[in-house]
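Visitor: Top to bottom, those sequences are chains C and E.
Heads up, the working numbering is the position in the first sequence plus 1373, with the first residue counted as 1.
Heads up, the working numbering is the position in the second sequence plus 58, with the first residue counted as 1.
Since the hints were derived computationally from the structure, they do not count as laboratory data.
All of these numbers come straight from a predicted model, not from anything done at the bench.
For glycine and all other residues, C-beta sits at the position ideal for the given N, C-alpha and C.
Among these hints, one or two may not hold up.
Unchecked claim - Cut-off 30 Å, straight-line C-alpha distance, at most; resulting in silico cross-link-like pairs (DSSO-like, lysine-lysine):
(1) K1553(C) with K414(E)
(2) K434(E) with K1563(C)
(3) K414(E) with K401(E)
(4) K1553(C) with K444(E)
(5) K414(E) with K1513(C)
(6) K284(E) with K1502(C)
(7) K434(E) with K397(E)
(8) K1513(C) with K1501(C)
(9) K284(E) with K1501(C)
(10) K434(E) with K1520(C)
(11) K1612(C) with K414(E)
(12) K450(E) with K434(E)
(13) K384(E) with K434(E)
(14) K1519(C) with K284(E)
(15) K1519(C) with K1501(C)
(16) K1513(C) with K284(E)
(17) K125(E) with K1519(C)
Claimed, not checked - Example chain C residues on the side facing chain E (calculated, C-beta under 8 Å, incomplete):
(18) A1471
(19) Q1518
(20) E1583
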Amino acid sequence: MTRQRQLRTLLSSSSSSARLRRTLNPSNPNLPIEFAAKPPSPSLSSFFSPSPTTYSNNHRLLPGRGLDFLGNRRLSGKIFLSSQSARELDSKCWNCNAAAPFLVCSSCRCIQPVDQSVDYFQIFGLEKKYDIEDQNLDGKYKDWQKKLHPDLVHSKSKKEREYAADQSARVIDAYCTLTKPLSRAIYVLKLEGVNVDEEETISELDLLAEIMEIREAVEEAADSQALNQIQSEMQEKIKHWSNLFANAYRDRNFGEAVTAIRRMTYYERVTEEISDSSRNTRVVDNGFAARMS
Amino acid sequence: MAEPAYTVASDSENTEEEKSSSTFPEIAIGIDIGTSQCSVAVWNGSQVELLKNTRNQKMMRSYVTFKDEVPSGGVSNQLSHEHELLSGAAIFNMKRLIGRVDTDPVVHASRSLPFLVQTMDIGVRPFIAALVNNVWRSTTPEEALAIFLVELRAMAGIQLKRPVRNVVLTIPVSFGRFQLTRIERACAMAGLHVLRLMPEPTAVALLYAQQQQQTAHDNMGSGSEKIGLIFNMGAGYCDVAVTATAGGVSQIRALAGTTIGGEDLLQNMMHHLLPNAETLFSTHGISEIKAIGLLRVATQDAIHKLSFQASVQIDVDLGNGSKINKVLDRQEFEEVNKKVFEKCESLIIQCLHDAKIEVEDVNDVIAVGGCSYIPKVKDLVLNVCKRQELYKGMNPLEAAVSGAALEGAVASGISDPFGNLDLLTIQVTPLAIGIRADGGKFVPIIARNTTMPARKEMTFTTVHDNQTEALIIVYEGEGQQNAEENHLLGYFKIVGIPSAPKGVPEISVCLDIDASNVLRVYASAKHRGPHQKAMPSMEVRMPTVDDGHGWCAEALHRAYGSTSDLVTVQKKI
């Protein structure tokens, strides 16, 4: 295998998650995802423009279900706006008219339509920052699901069941995004208006060289112990760059922050790859019975 | 001819309808249809109660006999003797046969059962038949299951003094979506409406969640998160789940399952005791059926005894001149079934790995199902999980059905003043779903163990210059490299891809699993620029395949070759 090939494999393998995230992110301006049936998606500028074109209090930013499958209800963060500034102050519960309902109305407990201007941190009642490791994310996630999960609202109206499906899916997105350091880092930058292009080519030569070295080490690893060793080295590196990211983000040095994200992305890929390759003991449902007899 | 015991419903009956919408909630019952035994439970207003049949049994044998004009099942029927089950007239192990094609190794292994399982090996539904008055009367696994469910439904109706319609059924983790449609079909034939199909260990996980919540209440504690590993091995299937539970919410972290169980242990032992059993049985003559039946009963009996004693004496006269007299000990039993036990171990390891949980972080290890009584099974679970003892407080045979009954009550919108139904299961996809691309490979779009509901999209491109059509062939499986090794769910064609060099057009494929576990596949060719006339996108609800889908993929390949193939969009360097 040539070095070029190796590098290509390293970069392309297990990159499906990154690719998915890319295509799932309609705020990425590089990606013209437009479908015939899709209503014009409001852009940041139009959101601030006074002309009330595509949405009103009732419609908000919730795109319709059905044909509109790419500009989708489950897509995380159609519009990223920081905090309360964008929250419609005069919003009311669709059911009881009580003021300022959140995901669920506090007075009538009705599930509200998704309000994309509520960011993931707000959903979990967190301050918008990178270091949230010690917060009880899991508990809050479960609390929300007990209020929002579609399995629990079957006796409600069709409308509210749809809201439940949307809200519940968004809370899952929020939970997944905030749980993992890398996706959380990308998300906090997004909230600052900085989009990280994960498809971008690597130009840093030292990183290229390092990736190839790691790649070789993985291929030459004699046993699972050696792989575990590499695995923990990667974890160390991720941690290191995660700390650098935290500092850069705090100092609002976004260039530095993006560099840190790029590093974390590659180390993350290596660990994914190792853990995939160590799965040779996988169990496959291929009719064990017949072969044994 | 007597009236058929089941009502014929259209396929759409159980699918098109709203999954649940009733002004007056009827509490759905939980049913655990096991490969060998079946049980029914219901929330009685304060707790889960298992229903008993007229003979006061909570566990009913899963079989249907075609002895007389009207077939009867194991719910009501009283077997005069165990051997009656093995006379050729009874169909059992329906759960191992349903929704499988005749090339499936599990179906092949079923050919040594004492009724007729015929395979043509062409990828169609196997032919199964019961012996009635020296005639092989054909039936199908769905029909046999429906007849059994009709009896269950009647029994539950009498016990509950109300008609029963809504059910929550437990299913094996390894069941594909096509198999689920067959289960739903059997339920529809029996007049049952499926509220939910729940992977067995997730039903156990829900019971665990409830027990943990009660404990937390009793201790006035906040109820911190607990990680439970559930190992469930019955007669037909072995499943593992890792759940993270707090406050009555069971978040499934990972599932793993395969088609091994007590039936394999039994068949291996029969083969061990009588190495030429298969050749002996291949003719399916009446005396052979009787012989294999005798061997089956004797072996089963010996395996049961070995769970409680170190060795067992087997004496059986097969009636055709061959007699088996042998002392069998545990060690020999464990050696013969070494591979089964190894597979159980690897299943647990895989599930922990997929859940990204270290074994030390598991709070409770729960082993349920009939096989959990086998000492070797207990040992291997404890061993892999590095434990001294298993979780206590669950009846291994009743855990799954109890969980299904809890889910039935929750899904029916019942609430409990003491908060005992303040429960929720957050499920994950047991199998990966994706399409065939990159030269016959399976490219997962929704990975295994993705939280449901889920929606994922991926972009593909063409392999030929000016390729205007693309076949979208959707598969589901554990992610085997080769697409054909997975289960085919359906296929359709994208047309009107703008003419362009290969690799340029973008074809997006989006998979959506909604809250009712319905899978929809959306696909469309992307068009750049305002002057291109856009083609409508496709929306296909899957599975679309029917019986006999085994040869569809091959036929498609023959018709299209690689002319309509796709590849994943490669990362640029």
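Visitor: All hints are to be evaluated individually against the structure, with a verdict given for each.
Guide: Hint-by-hint comparison with the structure:
no.: 1; hint: K1553(C) with K414(E); result: 13 Å, holds
no.: 2; hint: K434(E) with K1563(C); result: 53 Å, violated
no.: 3; hint: K414(E) with K401(E); result: 20 Å, holds
no.: 4; hint: K1553(C) with K444(E); result: 28 Å, holds
no.: 5; hint: K414(E) with K1513(C); result: 21 Å, holds
no.: 6; hint: K284(E) with K1502(C); result: 28 Å, holds
no.: 7; hint: K434(E) with K397(E); result: 12 Å, holds
no.: 8; hint: K1513(C) with K1501(C); result: 16 Å, holds
no.: 9; hint: K284(E) with K1501(C); result: 28 Å, holds
no.: 10; hint: K434(E) with K1520(C); result: 43 Å, violated
no.: 11; hint: K1612(C) with K414(E); result: 18 Å, holds
no.: 12; hint: K450(E) with K434(E); result: 18 Å, holds
no.: 13; hint: K384(E) with K434(E); result: 21 Å, holds
no.: 14; hint: K1519(C) with K284(E); result: 17 Å, holds
no.: 15; hint: K1519(C) with K1501(C); result: 24 Å, holds
no.: 16; hint: K1513(C) with K284(E); result: 15 Å, holds
no.: 17; hint: K125(E) with K1519(C); result: 50 Å, violated
no.: 18; hint: A1471; result: 23 Å, violated
no.: 19; hint: Q1518; result: 6 Å, holds
no.: 20; hint: E1583; result: 16 Å, violated
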